[in-house]
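**Q** These protein sequence lines are chains A and B, in that order. The working numbering puts the first sequence at residues 578 to 906. The working numbering puts the second sequence at residues 140 to 581.
No wet-lab data here; the hints were simulated from the structure. Do not take every clue at face value.
[As the list claims (entries may be wrong)] Here are some of the chain A residues that sit facing chain B, going by a computed Cβ distance under 8 Å:
| no. | residue |
| --- | --- |
| 1 | E757 |
| 2 | C882 |
| 3 | V902 |
[Claimed, not checked] Which stretches of chain A does chain B cover? Using the computed rule of at least three CB atoms under 8 Å from a CB of chain B, they are:
| no. | stretch |
| --- | --- |
| 4 | 669 to 677 |
| 5 | 702 to 712 |
All C-beta atoms, glycine included, are put in the ideal place defined by N, C-alpha and C.
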Amino acid sequence: MSTATPRAVEVVALGCADPRAPIGDDVMRSGPERMALRLMSRSAVLAYHAAREALAGAAWPDLTEAGLFMAVGASGSDLEQLRRILLASQGERGFTLARFGEQGLRVCNPLFAFQLMNNFTMAHTAILTGTRGPNAVLFSRGVGTLAALDEALAALRHGDCARALVGAADSAVHPVTALEHTRWHGELADAPAGEGAAVLALAAVDPRAGAPEPGAGPSRWHIASVEWSEGGAPRPGAPSRAALGIADDDAVVLHGWRADVAAELATALAGRAAPAVSVLSLPDCLAATAPLAWAEALSRAPATCHALAVVTADRDGGVGAVRFVRGAR
Amino acid sequence: MTAVITGLGVISPFGAGVTAFFDGLCSGRSAVAPITSFDAASFPVSVAAEVPAATAERWRAPGAVSDAHARDRKVGFALAAAHQALAQAGLVDAGPGPSTAPSTAPSPAHGLEPRAGGHAALAAAALSLGLGLETALLEDFAVLGDHIDWDTERARALAAHAAGERTPRLRTPADLAARALRAHFGLGGPQYLHMSACAAGAAALACAASLIERGRARTVLCGGTDSMINPLGLGGMARLGATSPRAASDACRPFDLHRDGLAMGEGAAMFVVEDAAAARDRGATALAAITGWGSTQDAYKATAPRPDGAAAVAAMQRALQRAGLVPGDLDYLNAHGTGTPLNDVAEAQAIAAVFGPPRLPVSSIKGAIGHAMAAAGALELAACVLALAQQRAPGTTGLRELDPLCAVVALPPGAHPLRLRRVLSNSFGFGGHNASVILEAA
Chain A
578 MSTATPRAVE VVALGCADPR APIGDDVMRS GPERMALRLM SRSAVLAYHA
628 AREALAGAAW PDLTEAGLFM AVGASGSDLE QLRRILLASQ GERGFTLARF
678 GEQGLRVCNP LFAFQLMNNF TMAHTAILTG TRGPNAVLFS RGVGTLAALD
728 EALAALRHGD CARALVGAAD SAVHPVTALE HTRWHGELAD APAGEGAAVL
778 ALAAVDPRAG APEPGAGPSR WHIASVEWSE GGAPRPGAPS RAALGIADDD
828 AVVLHGWRAD VAAELATALA GRAAPAVSVL SLPDCLAATA PLAWAEALSR
878 APATCHALAV VTADRDGGVG AVRFVRGAR
Chain B
140 MTAVITGLGV ISPFGAGVTA FFDGLCSGRS AVAPITSFDA ASFPVSVAAE
190 VPAATAERWR APGAVSDAHA RDRKVGFALA AAHQALAQAG LVDAGPGPST
240 APSTAPSPAH GLEPRAGGHA ALAAAALSLG LGLETALLED FAVLGDHIDW
290 DTERARALAA HAAGERTPRL RTPADLAARA LRAHFGLGGP QYLHMSACAA
340 GAAALACAAS LIERGRARTV LCGGTDSMIN PLGLGGMARL GATSPRAASD
390 ACRPFDLHRD GLAMGEGAAM FVVEDAAAAR DRGATALAAI TGWGSTQDAY
440 KATAPRPDGA AAVAAMQRAL QRAGLVPGDL DYLNAHGTGT PLNDVAEAQA
490 IAAVFGPPRL PVSSIKGAIG HAMAAAGALE LAACVLALAQ QRAPGTTGLR
540 ELDPLCAVVA LPPGAHPLRL RRVLSNSFGF GGHNASVILE AA
């Protein structure tokens with residue numbers, strides 16, 4: 578599996594569960610997958626929806642060796658199930674552990690665990706699609722998703738797999754998650770909460786092969802670099818443009834920025850030759866925001882654009898950039 | 140570049156430190172006992188391998204801003220194990236470790252301000268951490284009543300945030316331990332937070348080795364930390380039927396004919412991983428080299444491992460290939476060995492498929508310390524590091540009568556002197572994540 582020469586990685590196809598379009602519960606109402614629904618959290622459904630779309634575009638004949646690298650968010654289980662458990666655990670003086678052990682657990686559907694566990698946001702996709710290769714499931718609130726892409730690139734470049742799905746699914750509108758974020762951050766007026774998923778189908782390409790035709794759309798984009806800086810303490814200050822891997826003539830797409838981070842980015846991007854800086858108006862879908870932006874930026878990039886840096890900033894103050902280059906291997 | 144381990148720290152059901160951990164494993168004793176951290180008398184499972192109360196209390200999350208923070212036991216475990224590892228690597232002072240003094244005032248860093256004076260290398264160090272589920276705080280949920288008005292709760296939380304006040308939490312953030320580690324030790328590099336259930340700890344170590352190998356980081360603090368010995372964690376695993384129904388110290392009996400489920404465990408194992416040449420240049424001692432790793436997915440069922448173990452086979456083969464080894468090169472295998480009827484047979488079949496007729500010594504440490512979930516792989520790799528250092532392998536506590544369907548050379552309880560140069564550790568996670576890691580004597 579190991580190769581002597583690190584291989585380039587190309588974007589073959591995209592799949593999205595877009596937060597700006599209705600994402601109904603009918604996403605998987607047909608086909609054999611409907612039986613899996615009762616085991617799946619909302620994010621798991623979204624992840625599968627996006628992966629299925631990406632795989633349809635990629636049309637890979639065999640997924641046995643394909644990798645799957647996803648970022649996931651907080652546990653997003655069905656709250657009705659939890660409500661039933663808590664109700665059954667109420668004694669005369671309210672909730673007691675004794676009642677929980679005696680009664681609460683009895684009303685708990687054992688399959689609830691598969692909604693509760695964060696990793697099942699990805700695992701259901703593996704089960705339903707049959708990807709059996711290298712994998713990673715990483716926690717993210719935004720910039721952390723770039724770590725999932727970084728892991729996927731490492732596997733593809735090293736030759737651990739020739740094909741891989743990478744992306745994220747998450748929901749910032751799950752009541753517990755929304756409440757948690759309010760506690761940590763207060764209200765964020767510039768980033769309304771949303772939910773969604775996006776998945777890229779990536780393939781390693783032989784560096785000795787010829788360059789593809791330019792301007793052929795997303796399938797001709799290659800991933801040149803992934804760089805990020807974590808938020809929270811200790812944050813070493815604004816990352817420089819060089820630290821983010823942004824070249825002088827890249828078109829730059831920003832999304833998910835907070836006012837303070839935007840100011841830092843403006844400084845970081847100052848003095849570039851290329852003026853093109855676009856701002857995507859995406860809801861904050863936490864882990865899923867970054868791949869939604871990648872998908873959006875790649876889909877909308879004009880044929881004349883040959884290098885594109887998509888910059889992510891998250892609620893924790895993390896900042897990162899993925900640099901896509903068209904046709905360069 | 141070759142990744143080597145230069146520091147190791149452990150918090151386990153045998154107590155704090157690597158000596159207590161490995162001596163406990165080699166004693167043949169089980170740390171599984173009646174649960175004391177909460178009243179589990181009415182639960183279907185009432186035993187687990189808990190970190191001793193005195194140890195857990197000693198290492199409660201330092202600077203916890205609320206009782207909720209302190210109730211997430213894995214945070215303190217991670218900090219304490221990390222301090223041991225970093226001290227051994229010479230990257231922090233080998234003092235008493237993280238302070239347990241609680242912070243009383245809210246702060247932008249949520250009470251997790253940097254406290255440890257550390258080596259400059261930590262400013263750029265990466266973090267690769269295997270983490271378990273958020274800890275659900277059921278009592279806090281319960282006080283909200285039968286019908287939770289989420290809009291009202293958000294309004295309250297918003298007002299409290301604006302006033303700088305603390306409010307009850309419903310669950311701890313999944314990455315709380317990572318935040319604590321980064322803040323406490325001043326880690327400024329990228330972080331990779333692995334959530335692949337029981338494979339997360341091993342995945343974290345493999346990721347760290349990969350980061351070193353490809354020059355992404357010069358120093359990585361990595362490992363796993365978890366505790367699901369809490370009402371929802373324990374209850375949920377019991378409802379899944381994964382736990383042994385017996386309230387006995389031998390509740391977990393890996394590869395035994397009469398095994399009937401796992402015992403819950405908890406703890407943390409943390410490692411400092413560096414490039415071998417860089418470690419040598421700064422005078423650090425390499426404890427072991429991480430030379431092979433591989434991961435696959437079962438892609439089979441949510442509720443059971445792939446019965447033929449095919450994906451587990453592929454994970455071990457990938458690890459061997461990456462290390463440039465053949466099966467005969469290995470001297471010992473630390474099995475995932477949960478003690479559940481399905482896992483142990485599938486894993487034994489997978490081991491046989493890779494290594495052929497039973498020859499390779501195999502053991503599982505889960506009979507001794509239970510299943511520490513996201514920390515399990517890290518704890519098992521810690522046992523492998525210590526086995527390489529001491530040239531003895533821990534046996535399989537709880538094993539009395541080998542299941543004929545598990546055709547492996549399962550080491551019985553106790554310590555087993557062996558010539559150990561290369562060892563492999565398996566970790567298989569709920570959801571079908573398989574990870575195999577190979578360590579070699581440095």
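**Q** Please write out, lowest number first, the hints stated earlier that are contradicted by the structure.
**A** 2 and 3
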